[in-house]
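*Asks:* Assemble the whole structure, with the sequences as input and the hints as a guide.
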Amino acid sequence: MIRYLIIIILIVGILAAVSIGTREKRSPADFTYINCYGVNTIDPAQLSYHQDHIMSIALWEGLATLHPRTVEAIEGVAYLPPEISEDGKRYVFALRPEARWSNGDPVTAHDFVRGWRRAIEPGTSETYYILISAHIGGAQDYFNWRVANVELLGLVRQLQKGSPIKTESLKKVLQGEQGRLLAKRLNLRIPDSAAATDDAYWFEVLSEWRRADVDWKQVGDRWLDEHIVEMEKRFAAVGFRALDDRHLEVLLPRPIHYFVDLTTWSVYLPIHESIELLRERYQGRPLTDAGLWAYDMQWTKPHYRRNNYPGLISNGAYKLVKWKFKRGMRLKKNPYYWNTDAVPSETIDMQEGEYQNTAFMLYEQRAADMICDLTMEYTPELYGQMLDGKREDIRPIPSFGTYFYHYNCRPTLHDGRPNPLADARVRRALAMAIDKQQIVDHVMRLDNPVANTVIPPGQIPGYLSPKGLEYDPERARRELAEAGYPNGEGLGVIELLYNTGYGHERVAQVVQRMWEKELGIKVLLVGKEVKTFAEDKRTGRFMVGRSGWFGDYMDPTTFLDLFETGNGNNHAAFSDPYFDKLLEQAAYETDKVKRMQILSQAEAYVMEEQLPILPLYGYVLVYAWRPNVKGIYPNPRDHFPLNYIYVER
Amino acid sequence: MSQISTIDDIQALPPQSPGSRSWRRFRQNKMAMGSAIFLVLLLVVMFAALPVTVEGYGAQRLSLYLQSPSWSHPCGYDILGRDVLQRCLFGGLISFSVGIGAALISVTIGVLWGAIAALAGGRTDNVMMRIVDILYGLPYILLVILMKVAFERPLTVLIGDKQIANVVILFVAIGSVSWLTMARVIRGQVLSLREMPFVEAARAAGVGPMRILVRHLLPNLIGPIVVYATLTVPQAILQESFLSFLGIGVAPPIPTWGSLSAEGVAAINTVVSFWWMLLYPCLFLGLTLLALNFVGDGLRDAFDPKTTQGMMA
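Chains A and B are the protein sequences, given in the same order. Going by the numbering used here, 156 is the number at position 156 of the first sequence; the sequence numbering is gapless. Going by the numbering used here, 82 is the number at position 82 of the second sequence; the sequence numbering is gapless.
Calculated directly from the structure, the hints in this document are not laboratory data. Since this is a predicted model, take the numbers as computed values, not measurements. Backbone N, C-alpha and C fix where the C-beta goes; we use that ideal spot for every residue, glycine too. Heads up, a few of these hints could be off.
Unchecked claim - Here are the simulated SDA-like pairs of lysine to any residue, each with C-alpha atoms no more than 20 Å apart in a straight line:
hint, chain 1, residue 1, chain 2, residue 2
1, B, K148, A, R541
2, A, K517, B, A59
3, B, K162, A, N419
4, B, K148, A, N499
5, A, K517, B, G81
6, A, K531, B, I145
7, B, K162, A, E529
8, A, K522, B, K162
9, A, K517, B, Y57
10, A, K172, A, N187
11, B, K148, A, E529
12, B, K162, A, G492
13, B, K162, A, G527
14, A, K517, B, V54
15, B, K162, A, R541
16, A, K171, A, R189
Said to hold, decoys possible - Here are the in silico distance ranges between beta carbons for each label pair:
hint, chain 1, residue 1, chain 2, residue 2, range
17, A, P81, B, I268, 53 to 61 Å
18, A, D441, B, I268, 19 to 27 Å
19, B, I268, A, Y4, 42 to 50 Å
Claimed, not checked - So these bits of chain B aren't anywhere near chain A, every CB distance computed over 10 Å:
hint, residue
20, M46
21, L158
22, P197
*Replies:* Laid out in structure tokens, this is it:
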């Protein structure tokens, strides 16, 4: 009997100890919000998701920031306006002397150079490097040159280790200028461009390189050393430099009237010098053995201490105190922030709510003050309750983004069949057969605006949107017949690719039905999980594919660049010399009004004649926050800087 | 008494054949009989409605989205304004064809595999049954997905229509992973039957193994085969539902009971619930599964010689 008692007491004791041990002593933050998508990274050079961006601009502050209500550029670390030269191509930003890092160091122009450079160095750069490379003089050339060298060094290191090499990568390197230089130096065969298409030929070249009596380590190290010297010379030609601690000079290839707006983006944030403690160095060199500019990935962690690293230091309104993977983050006010008196909340919690239904229930139980981007099945019902006046915390935000379908514009499909969508008449016919108002009214039910153009109309000041193609089944049938497919005969099956979930099936089924009914086309729905979907989109394995785009800055080019030949997001593989010429013409047009006219003409051309995409509707995001949450203003760019938000209790 | 020798069989049919005896026993089982009638009725209704539902399952009247049930449309409308009743009736046929197709495949493979293993004996038997053990150990979802990947292209090319191919792939995949139990049961049965005098007699008379299997063993195995086939149908329907629920089943807009239930679950929440979207598909699915299981149980009792006394009393 006593033995049982002891066992029971022991069990109870263990349970009690465990429950006490795991209980978190944590006071609720001044403001708590739930993000339905997890934060992927807060590295300003690498992030590309909205939730990551919001977090990074709370932690860092750039030259300018966006006002939460007007979404116009206001002063950040720099005084505005900057000093701009006559021709509009040289900007000098004066930094405020009182700007401080979260450890008290002053924010200098060198910190900006460090941050911007990371964005265009292979190793730390990611998709958004384009915001720098496309707008700052010499940046793209520098980036390309660096990438070519990194590819070459990668190849040399693979030869050194004897690891498997794809003929593709050899081909790429040896067809470049750098590769030819190396071949000449080593007395190896320089590939003959006439035979360059033959795979067997490249295989032979590769085995010749493998057999060569060369000390690859020595070759690689020597190349790297020369590259490092050359790199600094070339970097000096990139259009941003610190004139002194407090002045940053930027040289643009052409006048860009929205440049200050651009500098509010994450890639333009400064980085504290302590990051250099975590630099990956190859035997004391500033680069890795493959020529990459790399840092220990843990540098964004608040309590990382390797190599005397002090943990993440930032210069924004907040500093990062805690980051629990897949759970959330806690931010605390940065006492050194120059404008800290204007920051209302002492602490902010961000929780990740992977399961929206659960997350919304948490919000309903007041465990959070706000929840972002609701995409539950019943979001339209919540919206309906708001319209009926039953709920005041549901906030629809018509956004600077468009939901559309990509048409594959390649002449043949991935499996070699001829692509009927290569004909613009078919693309137009498909677009005009869709009654978008029906989709908006009965499927979305969030009062989304119908989109006939890719750029949401009326949002960019000074820009006049073209009309685009409206619902016109008569003309659609006519165009389809003209293209050689009367009543859809001979067209075959059109495959519509989408990622499953978030209601994409629903829109796809309605579109399928409308095409079948209006045009007699057979449509097959192909729903895929998001990663495979993205891969298929990127590699062109689709006919019609779901897509969407949110504008990054207040200029038409943030959308129109999507259709430029060779753009990384041009999944349609649309390529039209006339359109490219219009974009280039606009880029070098100094007169603002004329420039907008050219861009409007370009949009009319793609949205009324060529249609690389089929625009469906404008995004309306639905957020929920209770009336006692202040300092947040619904705006089309979905911009809610955390340093203005507070809760009245 | 339960054993009937082949010579008896050939020379003079006994007044009551095992088949008719089983049928009588099945008829006396009220639950099984009622279930069978229900299933037949359901199938008749689904086939009779086919001319309407084949058009109606996808017909969208967007303005009628989420209309609650009324007398003219007793199951209401779904989120795209499609009649839920029509979708349930059409989806039922898809679910049934997946179930029956999968059962046929699984029975064919299972019977052949089990019988061959038992007849061959020795090392062959050992190897074949270890393969079954290994397949048992693998998660069936993984196998189904692999099957889908493997068969998708050839079958689509063969059939020509992607949507029909999709359904065929699904039952081929489910069928080819659910024959394992069947194989074990049949092997056990054959092992015991193999030692029976009538088989020995046949062997002594110089009958080859294939002929023994077809002429002498299969007729005696018909009981367990029918029972397991009946029980495989609901299992396959359930697996199809599960796969559709996960999104790797039949592609929309073709409904199955599984995908309809999945849509229904999504329509249930704390704000506004559209119960009819969940209730009706689940009702159809649940009742059918129940009925199929009752029929399967009834058949097992009917074919089981040991229950003879119980039924007589």
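*Asks:* A separate judgement is required for each hint: does it hold in the structure or not?
*Replies:* Quick rundown of the hints versus the structure:
1. Note on K148/B and R541/A: the hinted pairing holds, with a Cα-Cα distance of about 19 Å set against a maximum of 20 Å.
2. This hinted pair checks out: K517/A and A59/B have alpha carbons roughly 10 Å apart, not beyond 20 Å.
3. Restraint check for K162/B and N419/A: the C-alpha separation of about 18 Å stays at or below 20 Å, so the hint holds.
4. Pair hint K148/B plus N499/A holds up; C-alpha atoms about 19 Å apart against a cutoff of 20 Å.
5. Our distance criterion of 20 Å between C-alpha atoms is met by K517/A and G81/B, whose separation comes to about 16 Å.
6. Distance restraint check for K531/A and I145/B: the Cα-Cα separation of roughly 17 Å lies within the 20 Å cut-off, and the hinted pair is therefore satisfied.
7. Proximity of K162/B to E529/A is assessed by CA-CA distance (about 19 Å); at most 20 Å being required, the pair is judged to hold.
8. The hinted pair formed by K522/A and K162/B meets the criterion: a straight-line CA distance of about 11 Å does not exceed 20 Å.
9. Proposed proximity of K517/A and Y57/B is supported: the alpha carbons are some 14 Å apart, at most 20 Å.
10. Distance hint between K172/A and N187/A is fulfilled; the C-alpha atoms sit about 19 Å from each other, no more than 20 Å.
11. Restraint check: the Cα-Cα separation between K148/B and E529/A comes to about 15 Å, which is no more than 20 Å; the hinted pair holds.
12. Under the criterion of a C-alpha separation no larger than 20 Å, the hint pairing K162/B with G492/A is consistent with the structure, at around 12 Å.
13. For the given pair, K162/B sits about 13 Å from G527/A by alpha-carbon distance, which is consistent with the 20 Å threshold.
14. Between K517/A and V54/B, the direct Cα distance comes to roughly 15 Å. Compliance with the 20 Å bound is thereby established for this hinted pair.
15. Of the supplied pair hints, the one linking K162/B and R541/A holds, its CA atoms being roughly 17 Å apart against a limit of 20 Å.
16. Between K171/A and R189/A, the direct Cα distance comes to roughly 13 Å. Compliance with the 20 Å bound is thereby established for this hinted pair.
17. Checked against the hint of 53 to 61 Å, the C-beta distance between P81/A and I268/B comes to roughly 55 Å, which is consistent with it.
18. For D441/A and I268/B, the Cβ-Cβ distance of about 24 Å falls inside the hinted range of 19 to 27 Å, so the restraint holds.
19. At about 46 Å, the beta-carbon gap between I268/B and Y4/A stays in the expected band of 42 to 50 Å.
20. With a cut of 10 Å on Cβ distances, M46/B stays outside the contact zone with chain A, its closest approach being about 22 Å.
21. A cut-off of 10 Å between C-beta atoms confirms that L158/B is not in contact with chain A; the least separation is 16 Å.
22. No beta-carbon of chain A is positioned within 10 Å of the beta-carbon of P197/B; the least distance is around 59 Å.
Figure legend: structure checked against the earlier numbered hints; every hint is met.
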